[in-house]
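Enquirer: Going by numbering that gives the first Met the number 0, the sequence shown runs without a break in its numbering and finishes at 127.
Derived from the structure by calculation, the hints contain no laboratory data.
Treat the hints with care, since some could be wrong.
Cβ pair distances, simulated, as ranges [claimed, not checked]:
id, residue 1, residue 2, range
1, E61, E106, 29 to 39 Å
2, A111, V85, 17 to 27 Å
3, F122, R69, 32 to 42 Å
4, L89, K31, 13 to 23 Å
5, E2, L118, 22 to 32 Å
6, P50, S9, 13 to 23 Å
7, P88, F122, 16 to 26 Å
8, R70, L118, 33 to 43 Å
9, L72, T115, 35 to 45 Å
10, Q23, A116, 13 to 23 Å
11, R70, E44, 19 to 29 Å
The beta carbon of each residue, even a glycine, is placed where N, CA and C say it ideally should be.
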Amino acid sequence: MLEYRIDRRSGMATYLQIVHQTKQALRLGLLKPGDRLPTAREVVEATAVNPNTVLKAYRELEREGLVDARRGLGTFVRRSLGSAPVDSPLHRELVDWARRAHAAGMEREDVAALFTAVLDQRFKGDDT
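Take the sequences, apply the hints, and build the full model.
Expert: Here it is as structure tokens:
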């Protein structure tokens with residue numbers, strides 16, 4: 000089951016963190032159509048966030064057509080996103096790269112900045 004991690008220092012609204020983490024799980028294949036999301040109560044107990052925050056996140060996911068709320072049953076994944084499963088060769092290569100970056104003394108923020116810069120460069124079509 001998906002476990003949300005809330006970073007109160009991130010500057011990102013809590014409900015958006017839940018939306019983002021759910022979408023990431025969908026992209027990575029950790030959640031598949033038909034899977035049930037944790038109930039609002041389960042998320043509240045695990046993260047100590049306001050229940051309305053969880054419900055707001057789930058409503059946003061529903062508005063985007065990613066989940067369906069079924070009264071009395073829970074919230075279920077309607078469709079997945081992307082195709083980057085965690086058991087892919089690319090995932091393993093990225094894990095190895097992150098391990099090497101950490102061993103070289105890079106901090107998480109440094110790795111994130113470098114990775115974002117590379118993504119920005121490659122996905123804008125700039126090959127320099």
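Enquirer: Given the hint of 33 to 43 Å, is the C-beta distance from R70 to L118 inside that range or not?
Expert: The hint (33 to 43 Å, Cβ to Cβ) holds, given that R70 and L118 are roughly 40 Å apart.
Enquirer: Hint says 13 to 23 Å; check whether the CB-CB distance for L89 and K31 agrees.
Expert: holds (19 Å)
Enquirer: How does the Cβ-Cβ distance of F122 and R69 compare with 32 to 42 Å: does it lie in that range?
Expert: This hint holds: roughly 36 Å between Cβ atoms.
Enquirer: Okay, L72 versus T115 on CB: inside 35 to 45 Å?
Expert: holds (39 Å)
Enquirer: Does the beta carbon distance between Q23 and A116 stay inside 13 to 23 Å, or does it fall outside?
Expert: Given range 13 to 23 Å: holds, Cβ gap about 20 Å.
Enquirer: Within 17 to 27 Å or not, the Cβ separation of A111 and V85?
Expert: With a Cβ separation near 19 Å, A111 and V85 satisfy 17 to 27 Å, so the hint holds.
Enquirer: If you check the beta carbons of R70 and E44, does the distance land in 19 to 29 Å?
Expert: holds (21 Å)
Enquirer: Is 22 to 32 Å right for how far apart the beta carbons of E2 and L118 are?
Expert: The hint (22 to 32 Å, Cβ to Cβ) holds, given that E2 and L118 are roughly 26 Å apart.
Enquirer: So the hint says 16 to 26 Å: do the beta-carbon atoms of P88 and F122 match that?
Expert: holds (20 Å)
Enquirer: For the range 29 to 39 Å, tell me whether the beta carbons of E61 and E106 fit it or not.
Expert: holds (37 Å)
Enquirer: Per the hint of 13 to 23 Å, is the separation of the Cβ atoms of P50 and S9 within bounds?
Expert: holds (21 Å)
Violated hints: none; the structure is consistent with every hint.
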